[in-house]
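*Asks:* Which chain is which? The protein sequence lines are A and B, in order.
All residue numbers for the first sequence refer to the UniProt record's numbering, where the first residue is 1 and numbers rise by one.
All residue numbers for the second sequence refer to the UniProt record's numbering, where the first residue is 1 and numbers rise by one.
Source of the hints: derived by calculation from the structure; they are not laboratory data.
All figures in this text were calculated on a predicted structure; none of them were measured in a lab.
The beta-carbon is built from N, C-alpha and C at its ideal position, and this holds for glycine as well.
There's no promise every hint is true.
Stated by the list, open to error - Here are the in silico distance ranges between beta carbons for each label pair:
1. I41(A) to L250(B): 36 to 44 angstroms
2. I61(B) to I121(A): 25 to 33 angstroms
3. L186(B) to K209(A): 46 to 54 angstroms
4. G212(A) to L250(B): 46 to 54 angstroms
5. L23(B) to L95(A): 24 to 32 angstroms
6. G199(A) to L166(B): 23 to 31 angstroms
7. Q139(B) to D169(A): 42 to 50 angstroms
To be verified - Sample of chain B residues lacking proximity to chain A, with all beta carbon distances greater than 10 angstroms (derived):
8. F48
9. D55
10. E59
11. I75
12. N104
13. A108
14. T121
15. G133
16. M146
17. E165
18. L186
19. L188
20. R190
21. P191
22. T215
The residues making up each chain are set out below.
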Amino acid sequence: MSNFESVLNVKNPKSRMSKRNVWKEHVLAYAFLAPSIILFIMFLFYPMLKSVYLSMTITDPRGQVAEFVWFENFVNLFQSRQLYSNLSVTLLFILYTVPTSLIWSLFLAAITHNKLRGMKIFQFIFSLPIVISVGTGSIIWFLLFHPTAGMLNYFLSLISVGPIPWLTDPAWALISISIMTVWMNMGFLYIVLSSGLQGIPEELYESAKIDGSGPVRTFVRIVIPLLSPTIFFALIVSVIGAFQAFGQIHILTKGGPINSTNVIVYSIYQDAFVNFRFGIGSAQALILFLIILALTVLQFKVLEKRVHYQ
Amino acid sequence: MIAKRTTALLLYVLLAALALMVLYPLIFTVFSSLMTEKEVSNFPPPLFPTRFHLDNFKEAIAGFPIVRFILNSFIVSAAVMISQVVTSSLAAYAFSFLSFKGKNALFAMFLSTMMIPWEVTIIPNYLLIKSWGWMDSYQGLIVPFMAGAFGVFLLRQFFLQLPRELFDAGKIDGCGHLRQYFSIVLPLSRPALATLSVYVFLTHWNHYLWPLLITNRASMRTVQIGVAMLQHAEVMSWNLILAGVTLVLLPSFILLALGVKQLVRGIAAGAVKG
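So that you can see chain A by itself, here it is in the shape it has in the complex:
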C-alpha cells in the first residue's frame, strides 16, 4: 500500500526519461498490476497447484489431508468403469449439442440475412435465448418435460405420438438435456454467426449471382469458407462450454437415471461436494483440465490450417 501512496505523490515528470523516472514508471506499473496479480495468485495459481497436491491425497470430510497416497487416486480412477462412463457421456453430450447448435444457428443466421421487411423482429427473437440463464432455463424445461402434465408430451399426443419419458428414461435423459442446452446456447451462437455474415461484402453475392451460382451453392462454396474464422471461434467456445455444463444436469437429472447424464463435471461435484472426497474430485478435475487443454491445442493446430483468414 505504501508504494501506492508514494505513487500518488508523484509530481509531473517534466524532464526526459531520467533514472528517477524509469524507476517511477516501474513502481507505477507494478502498482497498477498488483491487484490483479495478487488475486490471480490467490484464487487461480495457488488453487491450481493445490489441486495437484490434493489429487495425490485422501482427505477427511473437512478437507484436511489425512494421507498422502501419490498416484493412487489416478490409478483407482483409471481402473474403475465410472471414469470411462462419465467421459463417454460427456463426449456424447458434446456430440449431441455442439454440431446441432452450430448448424441450427448458422441456418437461422443464413435465412435471416436478407433485406426483407420485418427481419429485425426475427433477428431479435432468435437471439432472445441469450438472456436465459441456466437456472431459469432449466426450470422452464423441467415443467415442459413433465411426463404427465408437460406441454411437450401434450403436443406429441396431438400428432398421436405416445408420451416420452423425457427425463426419467436413461435412453432419453441425455437427449432431453441436449435439446434444452441447444435452445439455451442458440442465442449467443446466432448473434456471433449472423454478425459474421454481415462482415461478408455484398459484392461477393452479386458476382456469384452473375456467375450463375445458386443461393445454396454460393453459401456452401463462398460464404462458409469466408465465415470460417467465426465458425471456428463458435466451435471452440461451444466445445469448452459443453465440457463444463453443470447447472442443467444438476437441476434436471442429478446425473441420473442410472448415470446416463453423469458428465465428468457432475461427477467431480458429487465426489467433492456431496461425498466430500476432495482428493478423488481433484484428480478428476485435473484429468478434465488436461483433456480440455489438449483439445484446445489440437483444435487450434488442426483447424487453423483449414480456416480461411482474410
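Assemble the complex: chain A is given as a structure, and chain B must be docked to it using the hints.
*Replies:* Then chain B, alone, in the frame of chain A:
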C-alpha cells in the same frame, strides 16, 4: 415477380414457424404466470390465459424470498463488475502505456489464466473460503472474482487504438500517468468499459455452481439457486413457479433491450481478430 413474392412468402411462413418454436418456452412461461391455479392444473392447459391474473406475482413474492434473491444477485454482480472494471483497467493501462521489466512475462502470465478452467480451482477455493469462515457471506461470493484476464485483454485492445496525439499533447502539458489514466484514458474508453461491465454483470448474474457451494442459508442464496429451488417447492403450483421465473427473467430482458447484442458482437469480433 410472382416467383419472387412466393419465395418471400414461404420464407416468412418458415421464419414464423421457427420463431414460434424458439419462443414457445418463453411464451409458455409468461402466459402460465398469468393464469389462475385452476387454469394451469387442467390438462391440457389452455394455451392463452383467459385474463391477466397479476396476483400470481404478489403471491410468488410473498411465498418465496424472490426479492431477496434478486437483491443478493444484484449486489454480488454489481460488486464483481465494479472491481473487475477497476483491476482490469489498471492492468490494461500498465500493459498499454508503461514500460517495465518483465512486461512480456507478466503478460504471458495473464494470458495463461484464461487456460485454467474453474473445475481445477473450485475445490481448493471452496476449502479456502470455508477455512476463512466466508461461507454464506457476500465477500465469499465476490472476492474470488474481483480480477479477470478477459477484461484486461479487452481493454488493452481498446487502449492501444486510442489516438496517440492525445497523449503527446498531455505529455507537453506535463500530465503524469495517473492523470492520464483518470482524465484521458478512462473517459475515452467508456464504450469498452460499458461492454466489459455488462459482460461481467451478466456472467455473474448467471453463475450457478459457486453460489450453490458457498451459500447454505436461504437469505444468502442468489437468484439462480433460488429459482432452481422453486422446483422442489411442491406446495407451489406451476403458475406461481413461473411467475417467479418471469420476475427473475425481467432484468435480463431489460439488459437485452439495452443492447447485449452489440456487446456480444464486440466480444466476438475481438476474439476473432485476436
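*Asks:* Does each hint fit the structure? Answer for all of them.
*Replies:* Status of each hint after checking the structure:
Checked against the hint of 36 to 44 angstroms, the C-beta distance between I41(A) and L250(B) comes to roughly 39 angstroms, which is consistent with it. Taking the beta carbon of each, I61(B) and I121(A) are about 32 angstroms apart, inside 25 to 33 angstroms as hinted. A C-beta distance of roughly 48 angstroms is found between L186(B) and K209(A), which places it inside the suggested range of 46 to 54 angstroms. Judged by the Cβ atoms, the range 46 to 54 angstroms given for G212(A) and L250(B) holds: they are separated by roughly 51 angstroms.
Separated by about 27 angstroms at the C-beta atoms, L23(B) and L95(A) satisfy the suggested range of 24 to 32 angstroms. For G199(A) and L166(B), the Cβ-Cβ distance of about 29 angstroms falls inside the hinted range of 23 to 31 angstroms, so the restraint holds. Range check, Q139(B) to D169(A): Cβ separation about 44 angstroms, and the 42 to 50 angstroms hint holds. Non-interface status of F48(B) relative to chain A is upheld: no Cβ of that chain comes within 10 angstroms, the nearest being about 13 angstroms off.
The beta carbon of D55(B) is kept farther than 10 angstroms from every beta carbon of chain A, the shortest such distance being approximately 20 angstroms. Separation of E59(B) from chain A is adequate, the least Cβ-Cβ distance of about 17 angstroms exceeding the 10 angstroms criterion. Once the 10 angstroms rule is applied to beta carbons, I75(B) is consistent with being away from chain A; the minimum gap is 17 angstroms. The Cβ of N104(B) lies farther than 10 angstroms from every Cβ of chain A, with a closest approach of about 13 angstroms, so its non-interface assignment holds.
Every Cβ of chain A is farther than 10 angstroms from the Cβ of A108(B); the closest lies at roughly 12 angstroms, confirming the non-interface assignment. With a least CB separation of 4 angstroms from chain A, T121(B) falls inside the 10 angstroms interface cut-off, contrary to its annotation. In this structure G133(B) is separated from chain A by more than 10 angstroms, as the shortest Cβ-Cβ distance comes to about 13 angstroms. Under the 10 angstroms C-beta cut-off, the non-interface status given to M146(B) relative to chain A is violated; the minimum distance is some 5 angstroms.
In this structure E165(B) is separated from chain A by more than 10 angstroms, as the shortest Cβ-Cβ distance comes to about 19 angstroms. Listed as outside the interface, L186(B) is consistent with that label: its C-beta sits roughly 13 angstroms from the nearest C-beta of chain A, beyond the 10 angstroms cut-off. Separation of L188(B) from chain A is adequate, the least Cβ-Cβ distance of about 18 angstroms exceeding the 10 angstroms criterion. R190(B), annotated as away from the interface, keeps every beta carbon of chain A farther than 10 angstroms; the closest lies near 20 angstroms.
Distance to chain A confirms P191(B) as a non-interface residue, since its nearest Cβ pair spans about 16 angstroms, more than 10 angstroms. T215(B), annotated as away from the interface, keeps every beta carbon of chain A farther than 10 angstroms; the closest lies near 13 angstroms.
Violated hints, in rising order: 14, 16; the structure is consistent with all others.
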